[in-house]
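Listed below, chain by chain, are the residues.
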Amino acid sequence: MQNHSNTAVLTAELPADAAENEKLIEQAYEALDGTEENKPENRNKPSKWDRWKANFKRRGWILLFILPALIYVIIFCYAPMYGILIAFQDYGQGDPIIGADTVWVGFDNFSIFFSDPNFWSYFTNTFLLCFFGFVVGFPLPIIVALLLNSLRAKKVKKGLQILYYAPHFISLVVMVGMLKMIFGSDGLLDKWAGGNGLELFLKPEAFRPLFIFSGNWQDFGWSAIIYLAALSGVDPALHEAAKVDGASRFRRIFSVDLPAIAPTIVMLMILSIGNLMSCGYEKVILMQTDGNRVTSEIISTFVYNFGLGADGKPGLGTAAGLFNSVINVALLIIANFTSKKLANQSMW
Amino acid sequence: MKKSKIFTALMAAVMCAAAVFPLAACYYKDEDEGHEFTVLTVKEETVKDYNTMPVFRSLAKETGRDVYWIYNTSMQYQNNSDPVGIKGIDAIYHAGFSNLQLYNYGRRGKIAALDSYITEKTMPNFKRILDARPDIREALKSPDGHIYSLPRVEEMGLKAYPNLLFINKVWIEELIDANDPAASGIEKEDLQDGLRLTRSQYKGILQGFKANHGSCVPLAFVHGNWQGNESDFISSFGVPENAEHKTILNGQITFTVESEAWFNAVKEMHEWYGAELITSSAFTQTQDEFLARGQDGRYGSFYWWEKDTVVSKDLRDDYIVMQPLVDDATGKQYVGLSNELEVEKSECVILGSCKDKAGLLKYFDKFFEPDYSAQLNYGSIESGAFLRQKVDGKLIPNDDHGRQSADDFRMKNAPYGVVYLTQEVWENSVEMESRAKLRLERLESYVKPYNEFKDSVRSIPNLNYTKEELDILSRYETMLGKNINSWMVNKIIASSAPSLSDWQNNLLKSNKTAMDEVKRVNQAAYERYLAATASA
Numbered sequence: 163m164q165n166h167s168n169t170a171v172l173t174a175e176l177p178a179d180a181a182e183n184e185k186l187i188e189q190a191y192e193a194l195d196g197t198e199e200n201k202p203e204n205r206n207k208p209s210k211w212d213r214w215k216a217n218f219k220r221r222g223w224i225l226l227f228i229l230p231a232l233i234y235v236i237i238f239c240y241a242p243m244y245g246i247l248i249a250f251q252d253y254g255q256g257d258p259i260i261g262a263d264t265v266w267v268g269f270d271n272f273s274i275f276f277s278d279p280n281f282w283s284y285f286t287n288t289f290l291l292c293f294f295g296f297v298v299g300f301p302l303p304i305i306v307a308l309l310l311n312s313l314r315a316k317k318v319k320k321g322l323q324i325l326y327y328a329p330h331f332i333s334l335v336v337m338v339g340m341l342k343m344i345f346g347s348d349g350l351l352d353k354w355a356g357g358n359g360l361e362l363f364l365k366p367e368a369f370r371p372l373f374i375f376s377g378n379w380q381d382f383g384w385s386a387i388i389y390l391a392a393l394s395g396v397d398p399a400l401h402e403a404a405k406v407d408g409a410s411r412f413r414r415i416f417s418v419d420l421p422a423i424a425p426t427i428v429m430l431m432i433l434s435i436g437n438l439m440s441c442g443y444e445k446v447i448l449m450q451t452d453g454n455r456v457t458s459e460i461i462s463t464f465v466y467n468f469g470l471g472a473d474g475k476p477g478l479g480t481a482a483g484l485f486n487s488v489i490n491v492a493l494l495i496i497a498n499f500t501s502k503k504l505a506n507q508s509m510w
Numbered sequence: 212m213k214k215s216k217i218f219t220a221l222m223a224a225v226m227c228a229a230a231v232f233p234l235a236a237c238y239y240k241d242e243d244e245g246h247e248f249t250v251l252t253v254k255e256e257t258v259k260d261y262n263t264m265p266v267f268r269s270l271a272k273e274t275g276r277d278v279y280w281i282y283n284t285s286m287q288y289q290n291n292s293d294p295v296g297i298k299g300i301d302a303i304y305h306a307g308f309s310n311l312q313l314y315n316y317g318r319r320g321k322i323a324a325l326d327s328y329i330t331e332k333t334m335p336n337f338k339r340i341l342d343a344r345p346d347i348r349e350a351l352k353s354p355d356g357h358i359y360s361l362p363r364v365e366e367m368g369l370k371a372y373p374n375l376l377f378i379n380k381v382w383i384e385e386l387i388d389a390n391d392p393a394a395s396g397i398e399k400e401d402l403q404d405g406l407r408l409t410r411s412q413y414k415g416i417l418q419g420f421k422a423n424h425g426s427c428v429p430l431a432f433v434h435g436n437w438q439g440n441e442s443d444f445i446s447s448f449g450v451p452e453n454a455e456h457k458t459i460l461n462g463q464i465t466f467t468v469e470s471e472a473w474f475n476a477v478k479e480m481h482e483w484y485g486a487e488l489i490t491s492s493a494f495t496q497t498q499d500e501f502l503a504r505g506q507d508g509r510y511g512s513f514y515w516w517e518k519d520t521v522v523s524k525d526l527r528d529d530y531i532v533m534q535p536l537v538d539d540a541t542g543k544q545y546v547g548l549s550n551e552l553e554v555e556k557s558e559c560v561i562l563g564s565c566k567d568k569a570g571l572l573k574y575f576d577k578f579f580e581p582d583y584s585a586q587l588n589y590g591s592i593e594s595g596a597f598l599r600q601k602v603d604g605k606l607i608p609n610d611d612h613g614r615q616s617a618d619d620f621r622m623k624n625a626p627y628g629v630v631y632l633t634q635e636v637w638e639n640s641v642e643m644e645s646r647a648k649l650r651l652e653r654l655e656s657y658v659k660p661y662n663e664f665k666d667s668v669r670s671i672p673n674l675n676y677t678k679e680e681l682d683i684l685s686r687y688e689t690m691l692g693k694n695i696n697s698w699m700v701n702k703i704i705a706s707s708a709p710s711l712s713d714w715q716n717n718l719l720k721s722n723k724t725a726m727d728e729v730k731r732v733n734q735a736a737y738e739r740y741l742a743a744t745a746s747a
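Taken in sequence, the protein lines are chains A and B.
For the first sequence, the working numbering begins at 163 and goes up steadily by one.
For the second sequence, the working numbering begins at 212 and goes up steadily by one.
Chain A with its partners taken away, still in its complex shape (with noise of 0.2 Å):
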């Protein structure tokens, strides 16, 4: 403690000169530390690396704690990925990825994708449906958040929570078998309704708005727990200042809640943008009807199709993937730069 205020000191006092500078500094670092690496021979060249190194030597243990998620990451991201080679190749089922008969397409499969008659079906059907999913169900969580943690009893809060998280443990099977019973053929709706009324599965108009409802219906309960968890770091002093300058309690989610969770608002935001494009197929395929399939079919049902069906192409279907992917990146790089240059706030 001592020898650090009086560097300070020191250096507080530096005379102009460049080279009296020197010296002194070098007489100031002869008081605090006699130890051969502090010597300013030494000092003034520390590589990056000679710092990297004794950082590492010091700290270096740490870690050891991203390792279990890099060797994940490495094994069930990374690892994979050279499947996506089948997008370039005549793959045919039970073929090694890479061998002596490989057959080499070049970029037929993606040309075969794009000159489908329906490819822009599938690709405006894609990002519709993310999109409107997005609209919705990004802010969504963030107010449920903000309201729930202005609650001042605790009791409500915590048991409003998990009555709004527990749905998000429905699976999904189960999840839209409820929805047909609700809205099929022979459900709630249709049977009120009469007749052919409101069978919603067979009305493409209605597929998006009940996948997307549906959806968040499950999951923002869920999502919120991630603000809340962003809520609980705010200080009270904050809060109390507010209070004591009159602030009311909707002043006060506006002016200390929110800017307190805008960083993780803002990453949040960048990783939904960077998936805009990417919805899972599993919902959708559940869900599909020949009624409501000039909306639902998207590209990752194609994938599907083609990926997995017996009489499918993978080659087809992994270039379909590939493209759906390389979009995503791209989005994900747009939004990151954008609010770099906007918020001042990026994930690199």
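Hints were generated in silico from the structure; no laboratory data involved.
Source: prediction; values computed, not measured.
Please note that a few of the clues may not be correct.
Said to hold, decoys possible - Each pair of labels, with its calculated beta carbon distance range:
#, chain 1, residue 1, chain 2, residue 2, range
1, B, Ser707, A, Val318, 45 to 55 Å
2, A, Leu448, B, Ser710, 24 to 34 Å
3, B, Leu598, A, Ala355, 47 to 57 Å
4, B, Lys678, A, Val235, 32 to 42 Å
5, A, Glu402, B, Ser292, 54 to 64 Å
What the hints assert, rightly or not - One side only, chain A facing chain B, incomplete, derived with CB under 10 Å:
#, residue
6, Glu182
7, Asn183
8, Ile260
9, Lys342
Cβ atoms here follow ideal geometry from the backbone N, Cα and C, with glycine treated the same way.
Assemble the complex: chain A is given as a structure, and chain B must be docked to it using the hints.
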């Protein structure tokens, strides 16, 4: 304190689970050892364990081969993109591979070519069958000329007609009693099997049903299903429709959707849907949902394989089977033929990694013997599927399964799969089930004689494609059927009637390439098939 206890308990549970997991795997493996062969089969939970089925025990005894069966449910199996990659199995039963899969796996040696084993010594039964039936031999050939799979052959002459039209005669009687104009011209004496109605008469009656029984379903079917679909209704307009919308008409592979009669049928269905004669459930329900909904007699009329499974026992007599609907304009009756084949190509495959292929094939060859085929198809003699005494050397099916329905019994006790049951077998070795006989009779007396298409239309047989052709088919066919069904259902349920230009532009034009290519490839393969089977 309490919390930490709970935590400890939880951790202990997790640790136990983790410890048991590898043990369980070991146990499974242990059981597997000591068997000569392990065969993967696709089986639902409700079907009995093959390892305990008497028919397999007697097969093992007779051939001296010890086969251990392991299972995948059909869901698991479908989602496995590389079933032949499963370790430690020698064969896959109920493989159900597509032509493309057979070719790909065969080319890689992942499944064994069987040609060299089809000899008098190893597979005498199978050899005899292929020698007698060049069409089956032709059907089994892969593009490279090899045979990679064992077939299922069950020839009853039933599958080409997967639909029969049934109607509730009690409800028609009600209409007659009430002097409803819808039933004019129909006498009570007419109300028996073989009732013949024009489409407009039929429509009037369904409207009467709707008026009298508000919550009924006037006409029920399962859209897009292999049996009990709307194809026969569409066919009645004079186009040989089937679930694939693809047939052979006058020797030409044809898409039914290209015919204006098909468009008219869709237009009519749109109208019927608007009048609630057809309900939305027809387009969303599964087979099981259809069967469950019909039990209480809610259907005024329905298309199905037969009526026994659709309505409950006490209501069965209310329904009579009808002749195909008569087209009002021409006065003719038309029924299309399905492409459901009685020779299924890839029921069983032997993996390339099997150490003793000849040994395993000797075992499977027994499956083709009439007595075993019959037991595989209906359940073993021991389980009560057949009477113990043969009559005139024939196995006689046992129709009485106590409280169980014949269907339920068969579902539980019969493994199905590789069988050879043909006309010859029905005549000499196995008596046809009474249900099958009844259905055959109905088809012979009420459907086949009236079908104007009986000489001009045939089902698409098992065709042989080249690798290039398979590629073209997989590229176009995967989406084509879906596009057609999707257009059709959308038009039927839409609020306004479909227009000719919509049909031409949004269905025919946008799918033209796909349809042309599929037709071209199938036509070429069909002509090769004709040449091969004619010369043989």
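Each hint tested on the structure:
1. Remark: the range hint 45 to 55 Å for B/Ser707 to A/Val318 is upheld by a beta-carbon distance near 51 Å.
2. Our hint of 24 to 34 Å for A/Leu448 and B/Ser710 holds, since their Cβ atoms are close to 33 Å apart.
3. The hint said 47 to 57 Å for the Cβ distance between B/Leu598 and A/Ala355, and at roughly 53 Å that hint holds.
4. Take B/Lys678 and A/Val235: their Cβ atoms lie about 39 Å apart, and the range 32 to 42 Å holds.
5. Between A/Glu402 and B/Ser292 the beta carbons are some 60 Å apart, a value that agrees with the proposed interval 54 to 64 Å.
6. Look at A/Glu182: its Cβ only gets to about 64 Å from chain B, farther than 10 Å, so that hint breaks.
7. Taken as an interface hint, A/Asn183 does not check out: its beta carbon lies about 60 Å from the nearest beta carbon of chain B, beyond 10 Å.
8. The closest approach between the C-beta of A/Ile260 and any C-beta of chain B is roughly 14 Å, which is over the 10 Å cut-off, so the hint fails.
9. For the restraint placing A/Lys342 at the interface with chain B, the shortest Cβ-Cβ distance is roughly 8 Å, inside the 10 Å limit, so the hint holds.
When each numbered hint is compared with the structure, violations occur for hints 6, 7 and 8.
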